[in-house]
Amino acid sequence: MSATTKPVPAAPGERLASLPPPRLPFGERIGDVLYRLYAAVMAALDFVFNPIQRLIGAKRMPYVFVLPNLLIFGIFVLFPMLLNFYYAFTGGTALRPEDRPFVGLANFQQIFNCRNFLNPATCQEDYFWRGAYNTVFFVFFQVGGMILIALLTAVVLNRTVKGRGFFRSVFFYPVLLSPVVVALIWKWILQRDGLFNAVLVNFGFERVLFFLNANWATLWVILISIWAQMGFYTLILLAGLQSIPTELYEAAAMDGANPRQSFGRITLPLLMPTMLVVSVLSIIRAVQAFDLVWVLTGGGPGTATTYLVQYIYETAFANQVQQYGLASAASMLLGFALLIFTLLQLRLGEQSDIA
Amino acid sequence: MRISPLWRTVAVVAAIILVLTSCTALVAPAQPAPAGATDATATEVAAEAATAEAAAGNAVTLRITWYDDGNEGTILRDLLDRFEAANPDIKVIVDTVPYAQGILESLPLQLEAGQGPDLARVTQLGDLAKHYLDMRPLLSNPDYWDTNFGPFLTWMQSEAGGKAIPGFMTQLTVTGPFINRTLFDQAGVAVPSDASDQVTWEEWADATRKVAEATGTFAMVMDRSGHRLAGPAVSEGAKYFNADGYPAMVGDEGFKKMAQLMIDWHADGTMMPEVWIGSGGSYAAGNEPFINGQVALYMSGSWQIGQFADKIGDAFDWEAVPNPCGPGGCTGMPGGAALVAINTTQHPQEVTRLMEYLTQEDVMAEFYARTLFIPGHLGLAAKGIDFDTELPQAKQSLAMFSSQVNKLEPLAYDLQAYKYNTVLFNANRDRLGQVLAGELTLDEAIAKMQEDIDAGIAAAQQ
Numbered sequence: 406m407s408a409t410t411k412p413v414p415a416a417p418g419e420r421l422a423s424l425p426p427p428r429l430p431f432g433e434r435i436g437d438v439l440y441r442l443y444a445a446v447m448a449a450l451d452f453v454f455n456p457i458q459r460l461i462g463a464k465r466m467p468y469v470f471v472l473p474n475l476l477i478f479g480i481f482v483l484f485p486m487l488l489n490f491y492y493a494f495t496g497g498t499a500l501r502p503e504d505r506p507f508v509g510l511a512n513f514q515q516i517f518n519c520r521n522f523l524n525p526a527t528c529q530e531d532y533f534w535r536g537a538y539n540t541v542f543f544v545f546f547q548v549g550g551m552i553l554i555a556l557l558t559a560v561v562l563n564r565t566v567k568g569r570g571f572f573r574s575v576f577f578y579p580v581l582l583s584p585v586v587v588a589l590i591w592k593w594i595l596q597r598d599g600l601f602n603a604v605l606v607n608f609g610f611e612r613v614l615f616f617l618n619a620n621w622a623t624l625w626v627i628l629i630s631i632w633a634q635m636g637f638y639t640l641i642l643l644a645g646l647q648s649i650p651t652e653l654y655e656a657a658a659m660d661g662a663n664p665r666q667s668f669g670r671i672t673l674p675l676l677m678p679t680m681l682v683v684s685v686l687s688i689i690r691a692v693q694a695f696d697l698v699w700v701l702t703g704g705g706p707g708t709a710t711t712y713l714v715q716y717i718y719e720t721a722f723a724n725q726v727q728q729y730g731l732a733s734a735a736s737m738l739l740g741f742a743l744l745i746f747t748l749l750q751l752r753l754g755e756q757s758d759i760a
Numbered sequence: 039m040r041i042s043p044l045w046r047t048v049a050v051v052a053a054i055i056l057v058l059t060s061c062t063a064l065v066a067p068a069q070p071a072p073a074g075a076t077d078a079t080a081t082e083v084a085a086e087a088a089t090a091e092a093a094a095g096n097a098v099t100l101r102i103t104w105y106d107d108g109n110e111g112t113i114l115r116d117l118l119d120r121f122e123a124a125n126p127d128i129k130v131i132v133d134t135v136p137y138a139q140g141i142l143e144s145l146p147l148q149l150e151a152g153q154g155p156d157l158a159r160v161t162q163l164g165d166l167a168k169h170y171l172d173m174r175p176l177l178s179n180p181d182y183w184d185t186n187f188g189p190f191l192t193w194m195q196s197e198a199g200g201k202a203i204p205g206f207m208t209q210l211t212v213t214g215p216f217i218n219r220t221l222f223d224q225a226g227v228a229v230p231s232d233a234s235d236q237v238t239w240e241e242w243a244d245a246t247r248k249v250a251e252a253t254g255t256f257a258m259v260m261d262r263s264g265h266r267l268a269g270p271a272v273s274e275g276a277k278y279f280n281a282d283g284y285p286a287m288v289g290d291e292g293f294k295k296m297a298q299l300m301i302d303w304h305a306d307g308t309m310m311p312e313v314w315i316g317s318g319g320s321y322a323a324g325n326e327p328f329i330n331g332q333v334a335l336y337m338s339g340s341w342q343i344g345q346f347a348d349k350i351g352d353a354f355d356w357e358a359v360p361n362p363c364g365p366g367g368c369t370g371m372p373g374g375a376a377l378v379a380i381n382t383t384q385h386p387q388e389v390t391r392l393m394e395y396l397t398q399e400d401v402m403a404e405f406y407a408r409t410l411f412i413p414g415h416l417g418l419a420a421k422g423i424d425f426d427t428e429l430p431q432a433k434q435s436l437a438m439f440s441s442q443v444n445k446l447e448p449l450a451y452d453l454q455a456y457k458y459n460t461v462l463f464n465a466n467r468d469r470l471g472q473v474l475a476g477e478l479t480l481d482e483a484i485a486k487m488q489e490d491i492d493a494g495i496a497a498a499q500q
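Listed in order, the protein sequences are those of chains A and B. Per this note's numbering, residue 406 is the first one in the first sequence, and the count goes up by one each step. Per this note's numbering, residue 39 is the first one in the second sequence, and the count goes up by one each step.
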């Protein structure tokens with residue numbers, strides 16, 4: 406094959422112009438792509454929102470932005486709440502609201518039909534009152550115990566201890582676990598042939614049947630739910646502790662205050678707003694206790710660990726005759742009690758702020 | 039040459055897409071054969087039409103909500119695969135759910151909301167009857183159903199005397215006890231039913247207590263169920279109903295006697311307490327301790343045979359024994375599960391075709407033989423089923439439960455047919471559970487049972 410044309414050497418300026426543009430580093434190329442994507446999304450949003458803003462004015466635009474969230478809240482929270490309110494005044498077993506007969510206050514009368522409120526066995530709806538008393542007991546000890554342990558843990562973790570980051574992670578880790586997983590793991594540990602009893606028997610002790618004794622079952626439900634949740638509240642309290650200026654402690658030390666006085670006069674008062682948040686959140690969560698307990702004990706032995714949410718669930722769904730009206734009335738009472746309690750706490754918080 | 043990570047990722051994604059699209063091409067439906075062949079029979083033409091319809095993407099999908107006691111789900115799937123091969127225009131999806139949460143709790147809610155499946159396997163036959171599809175007008179031969187399923191169809195009616203054909207029994211069940219004979223042998227205790235078939239519950243309790251003491255196991259366990267309790271209670275003389283046919287627990291001395299036996303057996307350690315005391319307020323089975331060889335006698339029912347054959351096999355000698363006796367007889371409880379069509383289905387014709395296939399005598403014979411279920415088909419029951427097991431324990435147990443059918447008391451059938459029997463049984467179960475946990479006295483519990491039953495029936499009738 407013969408040679409055809411000889412390549413003509415380019416002039417120095419031409420050679421520069423014909424070179425491909427310099428390649429950007431990989432990170433910058435990704436950044437460029439992301440920027441273009443962002444610009445496209447913003448342009449699309451502008452295309453949608455600009456006419457709306459021209460129509461309703463910039464002042465009302467925040468309502469447009471909260472509308473999606475409000476819609477979700479309305480559909481999945483507000484509407485069910487209103488439906489629950491309606492169901493509480495209806496009877497029968499039909500699911501559709503239009504098929505349910507109006508019964509007025511009959512569901513509430515059934516719940517409050519008691520000869521002696523302190524003895525659930527004398528109440529027509531004794532399961533409700535057993536659940537209510539169990540819930541009060543659980544909330545008192547679970548929330549009280551958890552705040553105390555979380556506070557102590559937060560105080561310790563706030564100090565410059567070795568491996569502080571590791572310990573903070575360790576205490577938070579159970580929060581990441583599903584309550585069902587937590588309950589199953591503890592069930593395997595505590596049941597008749599579980600790990601705990603194996604250790605006891607190995608050391609020559611008798612087996613303890615934790616889930617067949619009301620007191621043991623209640624104790625373990627409280628301890629396990631504290632273990633599972635305290636990491637979250639420890640973290641909040643730790644943030645509260647870290648927001649207290651260290652100058653206050655230095656000033657107190659110069660005035661001769663010992664650590665106990667510093668804790669009582671500086672830490673606790675300044676931590677009160679955080680404590681209030683923690684107590685409101687933990688009480689609401691404790692009143693909602695269901696999943697962990699349901700898997701761990703099923704509400705037993707007997708009804709020893711049956712709490713109000715389980716009563717509501719069983720009345721509405723698990724019993725063969727599904728009494729949605731009665732369950733709705735019970736959930737309204739629970740919501741009402743929770744509302745009163747929260748308002749009371751907020752009021753107390755305001756008073757302590759004023760003081 | 040160095041390939042940048044971006045191009046490498048693009049290349050991998052492109053390769054995956056290429057592979058997936060070629061797979062899709064491989065499984066794409068083939069073109070239907072040209073119809074109209076001269077020698078094709080009517081059935082073949084219909085099948086070809088169905089194939090063509092399926093190939094065109096018009097296959098109807100039916101969903102079955104199902105639960106498993108043993109291996110029946112696998113066997114059903116085998117049968118359905120054959121049905122789908124012969125009926126390419128119908129695809130059947132089986133949604134297997136847990137019995138308590140899926141069938142007892144969620145399914146009624148779905149049905150009430152009009153969001154039920156096309157078919158479902160249920161045990162609360164009367165409770166859900168208003169949601170069943172009456173297939174009678176759609177069936178090619180309703181007489182076949184009346185002849186072979188007639189007595190069981192009465193359990194599925196929404197009104198007394200109804201003539202609807204909503205489904206068929208996937209199994210008939212009889213409650214009764216199983217024993218671990220190996221434990222009796224190890225303890226040197228004679229099995230009471232070897233010498234007599236009129237053994238009382240008290241005699242069984244004495245014998246199994248000796249076995250438990252000698253072998254370090256539990257004497258007895260019973261499923262936490264009012265239905266399981268009912269057989270022994272009727273045997274002890276329980277009446278359950280007043281003269282008007284309404285449930286009456288207060289003053290029912292037979293029931294009280296059985297309840298007291300349960301209390302005593304839990305107090306003295308005869309009964310394994312985890313099932314009735316440690317399970318909260320719901321149904322709980324005692325099969326696991328029996329399978330693990332931890333208990334001498336297990337009061338349950340015939341549906342356990344398949345599971346025991348699979349999980350115990352011949353690891354130890356297990357067998358069914360006759361229902362213990364008392365002044366009211368030697369009865370267990372009849373029962374069973376039915377596959378029913380649901381009236382919200384969009385495809386009643388296809389559901390009926392599926393039901394007609396599943397109830398063909400040869401298909402049912404295979405289903406019962408492989409699942410080791412007592413047949414709920416009168417024709418097959420009369421002919422006898424050649425059960426697909428060589429395990430002597432399973433064969434003995436099947437024969438034993440079949441022999442128990444004749445000993446069932448009329449009251450046991452009345453209880454099974456009673457529309458609100460689950461209200462009654464659940465009240466018995468939960469209130470007795472409270473007595474065992476020390477929360478109520480027996481008299482308080484019986485009064486509460488009556489209140490629960492009255493409130494439940496009133497709510498259901500509202």
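Hints in this document: simulated from the structure, not taken from any laboratory. Virtual Cβ for every residue (Gly too), placed ideally from N, Cα, C. Be aware that one or more of the hints could be misleading.
Here are the in silico distance ranges between beta carbons for each label pair [said to hold, decoys possible]:
#, chain 1, residue 1, chain 2, residue 2, range
1, A, Leu589, B, Gly351, 42 to 50 Å
2, A, Leu589, B, Lys421, 41 to 49 Å
3, B, Gly254, A, Leu624, 24 to 32 Å
4, A, Leu483, B, Ala123, 48 to 56 Å
5, B, Gly111, A, Ala449, 47 to 55 Å
6, A, Asp504, B, Asn109, 34 to 42 Å
7, A, Arg564, B, Gly254, 35 to 43 Å
8, A, Asp504, B, Gly254, 37 to 45 Å
9, B, Gly111, A, Gln596, 23 to 31 Å
10, B, Leu147, A, Val446, 37 to 45 Å
11, A, Gln647, B, Leu147, 42 to 50 Å
12, B, Gly111, A, Gln647, 55 to 63 Å
Now the stretches of chain B that chain A is said to cover, found in silico as 3 or more residues with beta-carbon under 8 Å [stated by the list, open to error]:
#, segment
13, 291-301
14, 460-474
To list a few chain B residues with every Cβ distance to chain A over 10 Å, as calculated [as the list claims (entries may be wrong)]:
#, residue
15, Glu143
16, Gln162
17, Thr192
18, Asp306
19, Pro311
20, Gly319
21, Phe354
22, Pro365
23, Thr383
24, Pro386
25, Gln398
26, Val401
27, Glu477
Hints, one by one, checked against the model:
1. Between A/Leu589 and B/Gly351 the beta carbon distance is about 28 Å. The supplied range of 42 to 50 Å is therefore violated.
2. A hinted range of 41 to 49 Å holds for the C-beta pair A/Leu589 and B/Lys421, which are about 47 Å apart.
3. Roughly 29 Å separates the CB atoms of B/Gly254 and A/Leu624, a value that falls within the hinted 24 to 32 Å.
4. Range check, A/Leu483 to B/Ala123: about 51 Å between beta-carbon atoms, so the 48 to 56 Å window is met.
5. As the Cβ distance of B/Gly111 to A/Ala449 is approximately 49 Å, the hint placing it in 47 to 55 Å holds.
6. In this structure, A/Asp504 and B/Asn109 meet the distance hint of 34 to 42 Å, their C-beta atoms being roughly 40 Å apart.
7. The hint said 35 to 43 Å for the Cβ distance between A/Arg564 and B/Gly254, and at roughly 52 Å that hint is violated.
8. Checking the proposed 37 to 45 Å range against A/Asp504 and B/Gly254 shows it is violated: the Cβ atoms sit about 56 Å from each other.
9. At roughly 28 Å, the beta carbons of B/Gly111 and A/Gln596 sit within the given window of 23 to 31 Å.
10. Checking the proposed 37 to 45 Å range against B/Leu147 and A/Val446 shows it holds: the Cβ atoms sit about 41 Å from each other.
11. The hinted range of 42 to 50 Å is satisfied by A/Gln647 and B/Leu147, whose Cβ atoms lie roughly 48 Å apart.
12. Against the hinted window of 55 to 63 Å, the Cβ-Cβ separation of B/Gly111 and A/Gln647 comes to about 56 Å, which satisfies the hint.
13. For the segment 291-301 of chain B, the proposed coverage by chain A is not satisfied: 0 residues have a C-beta within less than 8 Å of a C-beta in that chain, short of the threshold of three.
14. With a threshold of 8 Å between beta carbons, the proposed coverage of the segment 460-474 of chain B by chain A holds, since 6 of its residues qualify and at least three are required.
15. Consistency note on B/Glu143: stated as away from chain A, yet its beta-carbon is not over 10 Å from all of that chain's, at 5 Å minimum.
16. With a least beta-carbon separation of about 7 Å from chain A, B/Gln162 fails to lie farther than 10 Å from that chain, contradicting its non-interface assignment.
17. Consistency note on B/Thr192: stated as away from chain A, and its beta-carbon is indeed over 10 Å from all of that chain's, at 20 Å minimum.
18. A cut-off of 10 Å between C-beta atoms confirms that B/Asp306 is not in contact with chain A; the least separation is 15 Å.
19. With a least beta-carbon separation of about 5 Å from chain A, B/Pro311 fails to lie farther than 10 Å from that chain, contradicting its non-interface assignment.
20. Chain A draws B/Gly319 into its interface by the beta-carbon criterion, the shortest separation being 5 Å against a cut-off of 10 Å.
21. At roughly 18 Å from the closest C-beta of chain A, the C-beta of B/Phe354 stays outside 10 Å, upholding its exclusion from the interface.
22. With a least beta-carbon separation of about 30 Å from chain A, B/Pro365 lies farther than 10 Å from that chain, consistent with its non-interface assignment.
23. For B/Thr383, the requirement that its beta carbon stay farther than 10 Å from each beta carbon of chain A is met, with the minimum near 19 Å.
24. For B/Pro386, the condition that its CB be more than 10 Å from all CB atoms of chain A holds, with the nearest at approximately 22 Å.
25. Distance to chain A confirms B/Gln398 as a non-interface residue, since its nearest Cβ pair spans about 34 Å, more than 10 Å.
26. Chain A leaves B/Val401 outside its interface by the beta-carbon criterion, the shortest separation being 32 Å against a cut-off of 10 Å.
27. The beta carbon of B/Glu477 is not kept farther than 10 Å from every beta carbon of chain A, the shortest such distance being approximately 4 Å.
Of the numbered hints listed earlier, those contradicted by the structure are 1, 7, 8, 13, 15, 16, 19, 20, 27.
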